[in-house]
Amino acid sequence: MNGAQVILKMLELHGVTHVFGLPGETTIGWYKEWQSSSDIEYVLTRDERTASYAAEAYAKITGRPAVLEAPSPGVTHCTPGITEAFLSSVPVIFFSSDIPVNQDKKHGLTGVDQTAMYESICKESFYLTNVKDIPFLLRRAFRVATSGRPAPVHIRVPINVFHDEAEIADLYADSDYSRYPAHRPVADHGKIRKAIDALLAAKKPAIVCGQGALISRAGEAVLALAELLQIPVGTTTPGKGTIPETHPLALRVIGARGGMEYSNAYVKDADCIFFVGSNTDSSGTNHWKLYGDPAETTFLQLDIAEAHVGNNYPLKVGMVGDARATLDYMAELIRAEHPELSRPTLDLTEMKRTALDAVFNSNIEMPEGTVSPVKLTQALDKLLPPNAIVTAEPGVAAIYPSALLSVREAGRRYITNYSMGALGYSVPAGIGAAFANDGPVISFTGDGSLAFVLGDFETIKRSGKNITVILTRNDNYGWIRGEAILLDDVDAPWTTDFGAVDYVKVAEGVGFRTARITSEDQIEATLAEAIAHQGASFIEMRVPSQDKIVPFVPPWIEAAKEKKLPYFY
Numbered sequence: 026m027n028g029a030q031v032i033l034k035m036l037e038l039h040g041v042t043h044v045f046g047l048p049g050e051t052t053i054g055w056y057k058e059w060q061s062s063s064d065i066e067y068v069l070t071r072d073e074r075t076a077s078y079a080a081e082a083y084a085k086i087t088g089r090p091a092v093l094e095a096p097s098p099g100v101t102h103c104t105p106g107i108t109e110a111f112l113s114s115v116p117v118i119f120f121s122s123d124i125p126v127n128q129d130k131k132h133g134l135t136g137v138d139q140t141a142m143y144e145s146i147c148k149e150s151f152y153l154t155n156v157k158d159i160p161f162l163l164r165r166a167f168r169v170a171t172s173g174r175p176a177p178v179h180i181r182v183p184i185n186v187f188h189d190e191a192e193i194a195d196l197y198a199d200s201d202y203s204r205y206p207a208h209r210p211v212a213d214h215g216k217i218r219k220a221i222d223a224l225l226a227a228k229k230p231a232i233v234c235g236q237g238a239l240i241s242r243a244g245e246a247v248l249a250l251a252e253l254l255q256i257p258v259g260t261t262t263p264g265k266g267t268i269p270e271t272h273p274l275a276l277r278v279i280g281a282r283g284g285m286e287y288s289n290a291y292v293k294d295a296d297c298i299f300f301v302g303s304n305t306d307s308s309g310t311n312h313w314k315l316y317g318d319p320a321e322t323t324f325l326q327l328d329i330a331e332a333h334v335g336n337n338y339p340l341k342v343g344m345v346g347d348a349r350a351t352l353d354y355m356a357e358l359i360r361a362e363h364p365e366l367s368r369p370t371l372d373l374t375e376m377k378r379t380a381l382d383a384v385f386n387s388n389i390e391m392p393e394g395t396v397s398p399v400k401l402t403q404a405l406d407k408l409l410p411p412n413a414i415v416t417a418e419p420g421v422a423a424i425y426p427s428a429l430l431s432v433r434e435a436g437r438r439y440i441t442n443y444s445m446g447a448l449g450y451s452v453p454a455g456i457g458a459a460f461a462n463d464g465p466v467i468s469f470t471g472d473g474s475l476a477f478v479l480g481d482f483e484t485i486k487r488s489g490k491n492i493t494v495i496l497t498r499n500d501n502y503g504w505i506r507g508e509a510i511l512l513d514d515v516d517a518p519w520t521t522d523f524g525a526v527d528y529v530k531v532a533e534g535v536g537f538r539t540a541r542i543t544s545e546d547q548i549e550a551t552l553a554e555a556i557a558h559q560g561a562s563f564i565e566m567r568v569p570s571q572d573k574i575v576p577f578v579p580p581w582i583e584a585a586k587e588k589k590l591p592y593f594y
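First residue of the sequence shown: 26, per the numbering used here; consecutive thereafter.
Since the hints were derived computationally from the structure, they do not count as laboratory data.
Heads up, the beta-carbon is just placed ideally off N, CA and C, and yes, glycines get one too.
Just so you know, not all the hints are guaranteed correct.
Restricting the straight-line Cα-Cα distance to at most 30 Å, the calculated cross-link-like pairs of lysine-lysine (DSSO-like) are [as the list claims (entries may be wrong)]:
{"#": "1", "residue 1": "Lys588", "residue 2": "Lys573"}
{"#": "2", "residue 1": "Lys341", "residue 2": "Lys219"}
{"#": "3", "residue 1": "Lys588", "residue 2": "Lys377"}
{"#": "4", "residue 1": "Lys219", "residue 2": "Lys157"}
{"#": "5", "residue 1": "Lys314", "residue 2": "Lys341"}
{"#": "6", "residue 1": "Lys400", "residue 2": "Lys530"}
{"#": "7", "residue 1": "Lys130", "residue 2": "Lys148"}
{"#": "8", "residue 1": "Lys586", "residue 2": "Lys377"}
{"#": "9", "residue 1": "Lys377", "residue 2": "Lys400"}
{"#": "10", "residue 1": "Lys131", "residue 2": "Lys157"}
{"#": "11", "residue 1": "Lys293", "residue 2": "Lys400"}
{"#": "12", "residue 1": "Lys407", "residue 2": "Lys573"}
Quick list of simulated restraints, FRET-style, between CB atoms [as the list claims (entries may be wrong)]:
{"#": "13", "residue 1": "Pro98", "residue 2": "Lys157", "range": "26 to 34 Å"}
{"#": "14", "residue 1": "Val515", "residue 2": "Pro210", "range": "42 to 50 Å"}
{"#": "15", "residue 1": "Asp213", "residue 2": "Met445", "range": "28 to 36 Å"}
All chains should be modelled from the sequences, with the hints used to inform the complete structure.
Right, dumping it as structure tokens:
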């Protein structure tokens, strides 16, 4: 077999059905075999960055490691998606083709040390120089990517390897590693008992789930523990959807990127915080101020990554293990060892409804020519079918749905890139989501981000998928403008404002069904029509920049109060 055949066969054996990428001269040998001998679907994008983000989102939704490939000229373009995947603990098997071994030393065109480039943002980076090594290295790649803290693995393939031949005697896959988490280790039993004791002794405990709980698919286990002990559950923005947000014990999102005043106040007053699958980063903790004085709070933490446990807060109990398996065992122990346990029933429904209604009914006057993003999210929340997936990225595009959209069924139904937070994520993530899921996809984006990915509108149209791109437009980099004006008293427009573009015409030119929302009474009908359309849709709506109407960002709200600016909280 030649190298291309072996790679394809090993991917098939690991259950791979899609590969995201775009072509290059160094990969033609692979495509030749692909076309003639494999049913794996190749998702052709118009930019390697798009392919990398699409793969990351695909892996999040499917629970399988995604496969990404890029040619040597565009190998640097994949770093945004691979970095997001690395920080978000998402397994991506990333193939980058290359010029022949050592030709870079002759200054061969496109030669660069790909291995060194990706070693820092992947769990491992392999240089594949021998066809006989392919089965071993691909088994290792899937094993490394899906075990422990999941993350990308990079495989560098010189052009000649696709053509070179060898006799292969070990053509098999380890089936455990075709999904993630591949293994579910339970944390130390003694520490689990100590954590149970701490939760039972607490007067006002709260569970805080990061995206590690979603990675572990621990929603049912989180809910079982919460219901046993009647403990409220909040999530970070990337952890949104760990449990249904309509559940009586769901606090919804907390933190500095979509946490509302009531949810942030609840966890700040808690006497015991149990972090599950959270790396306690700056945005999820409002720059580590969310829980007040750490000396007065009991902290527990459960994570698969040893480096996260106790990293930012002094722990009474730190546990290293899989979230679902460990929480299942915790609940089992509580039932067995505390059979008479009775806890007062908590129901946060009225508190949440009051807070949401206050925002939905606030009727803050919008600046002339703009429409309320609150009303947009409210209408979408009403219309979304259960199998829909929403993607969003930093800025107005994410901050309102993070706070106001209700995930009613546990799971990855809402995807953001708040691990790295780079622009240009939501539309590519929508592409990946559409290939991973049968339902409609709604991609919230801002015009600062949209400019990064307009080329891949053609990818969306060609795919035939039901993807609706919603542009919340304000003709500036609104997040930076808000940060500069609200917190630093900087006159921001000279660095943040840019010229107008007729995005509707651009979308029409690619073949999208398009609409502009210019008043609140148009929102619901426009959204309903787009969601029902089995193809590419584009909706533009002008919204105020963040320094005009301040969204759910605690430091900004404090500034808005001082400056007497309107705000949502």
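Which hint numbers doesn't this structure obey? Violated hint: only 4; rest satisfied.
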